[in-house]
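*Asks:* Please take these sequences and the hints and turn them into a complete structure.
Number of protein chains: 2
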Amino acid sequence: MGQQAASIIVDWGTTSLRATLVTAEGQALDHLETQQGISVLAKGEHEKVLLETLQPWLTAHGALPIAALGMITSRNGWVEVDYVHCPAGLEELSHGTVTRTLPNGSQLVFLAGLTDPAGKPFADVMRGEETQVVGLGLASNRTVILPGTHSKWALVADGRIARFQTFVTGEIFSLLMNHSFIARGAANPPVEDAAAFRRGLKEAAGTGAMLSLLFSARTGGLAKEISADELRSYVSGLVIGQEFRQASEEGWFKAGDEVAIVGNDGLNGLYGVAASTFGLTVKEASGSEAIDGAIAILKAACDRHRDV
Amino acid sequence: MGQQAASIIVDWGTTSLRATLVTAEGQALDHLETQQGISVLAKGEHEKVLLETLQPWLTAHGALPIAALGMITSRNGWVEVDYVHCPAGLEELSHGTVTRTLPNGSQLVFLAGLTDPAGKPFADVMRGEETQVVGLGLASNRTVILPGTHSKWALVADGRIARFQTFVTGEIFSLLMNHSFIARGAANPPVEDAAAFRRGLKEAAGTGAMLSLLFSARTGGLAKEISADELRSYVSGLVIGQEFRQASEEGWFKAGDEVAIVGNDGLNGLYGVAASTFGLTVKEASGSEAIDGAIAILKAACDRHRDV
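Protein chains in written order, with our numbering: chain A, -2 to 305; chain B, -2 to 305.
Incorrect hints may have been included.
Repeated chains share a single entry, so a pair holds when one copy, or any two copies, can fit it.
[To be verified] Calculated lysine-lysine pairs in the BS3-like style (CA-CA distance at most 27 Å, straight line): (1) 40 x 221; (2) 280 x 251; (3) 221 x 117; (4) 221 x 280; (5) 221 x 199; (6) 251 x 117; (7) 296 x 45; (8) 280 x 199.
Source of the hints: derived by calculation from the structure; they are not laboratory data.
*Replies:* Shown next, in the form of structure tokens:
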């Protein structure tokens, strides 16, 4: 019975649609991915595309609850879902979903993103990471780091996401490595170098002058201290190290704290090294937080829907 | 007699060659510009290109001292000139030049860049800005700001450039506006908005968390606080404001100080507004610092050469 399909989680972004067929316990039974992201779809096409894509599963298993998350819930997607406001837990996030019934009877539940009205200078936003935090669990008070293009630091307190803050670390790294004069000269194809990454972290920890620090990607080469093979990891250390230093100054942690690192962008290992460098201990995440969180919110939303 | 051609200043960079015919007092008599930057020239072509380009002036005025500066003195240029070390004034910079005599008898003097071995984490470098500081004058002790892709803050003390520090402000701005998700949505063609610039400065002054601050370029739009027309100037204010905040924390100034702002990148006005926001008074520069400095170093180098 543990193998019985219970729901479908659809991560529908700008460039792809990724669907997972899962059991009630969150075990993945099947997975599919297409390039039919929202950027190639016109208004009115979404339902047809979804039903065609999920056809084999819906035929085999009948109507199933379906959670849809990602940019599909944004202004440029299918159904724009308003952001839920912090503090928010399972109740608030499930209340913020938008549900429609598909022709075959499946409940399609669009998950909401989260906004922190206390963000400075403007209300901060996330879309998807709140689901991962729910999947990690809201029972323990803690700081959760979600590395990515736009990394999020979130505080779980009293069973809810109390507040969060965005750091655009991954985007700055990508800009520097792909388009800048500063990082010109990095080895191609890219090389990963753990020692150079730690060196970047160490330099980043020692200064608040980020705009000056980044120039060391060039002066390190001129000084023959950073080789072309080391440059990419060194710059990665600089920007991730700055994220931790700035988060520390913003009050997100002090040395000795435990944090959780959650995400699927392949960055958790690097962030773990950074956390250790800044004196933090790291709670291991399972890697299934996105699915687990979507199932939890989907279930709460369907239960609520049934009650009404 | 004030109109007599005394020397030629050649600013020879990656993508262009810009030459100015000047009097002994630094008055520009003529100017020419070509696209024969070093990126399109092979080793061995430089002398021929220079002589052809300057031919009309050399024919009219005979042999003249010629100062060459810019990337032409780098590894990828014509003659690689070693960096002069801080602290350095007119004597050290003229001593660091490399001179060769052209077939027509003209002294061609390659100006040296400057390095600050005390730079953290690696020795800092400039190539061209030191000439502008010389042109501004070394008699008064002061902080000089040279805005640009890689802005420089330099300290003049005891007649020499004592130290300097690079901030990659202009490059980060360009990356954000041309390639980032964060600043997507800015009006095109670009719009300048003085109030939005000041708003960016103010927000930048208030936080050390630059990686978080930059996300306000997006959240400001979502909050309908920053319009597409305002976005470019707002982001400009964010990054220039961060440069000033970080420079302040690095000890470059305190409120009430006077600074000089020197450069020809069209940024002096914005930097003047930023300086004012941070409580600084600004000494006006003439705009002729690059030519004046090159003439001063060229003269000192030629005098030295004559003495030997």
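*Asks:* Tell me the numbers of any earlier hints that the structure contravenes, in ascending order.
*Replies:* 4
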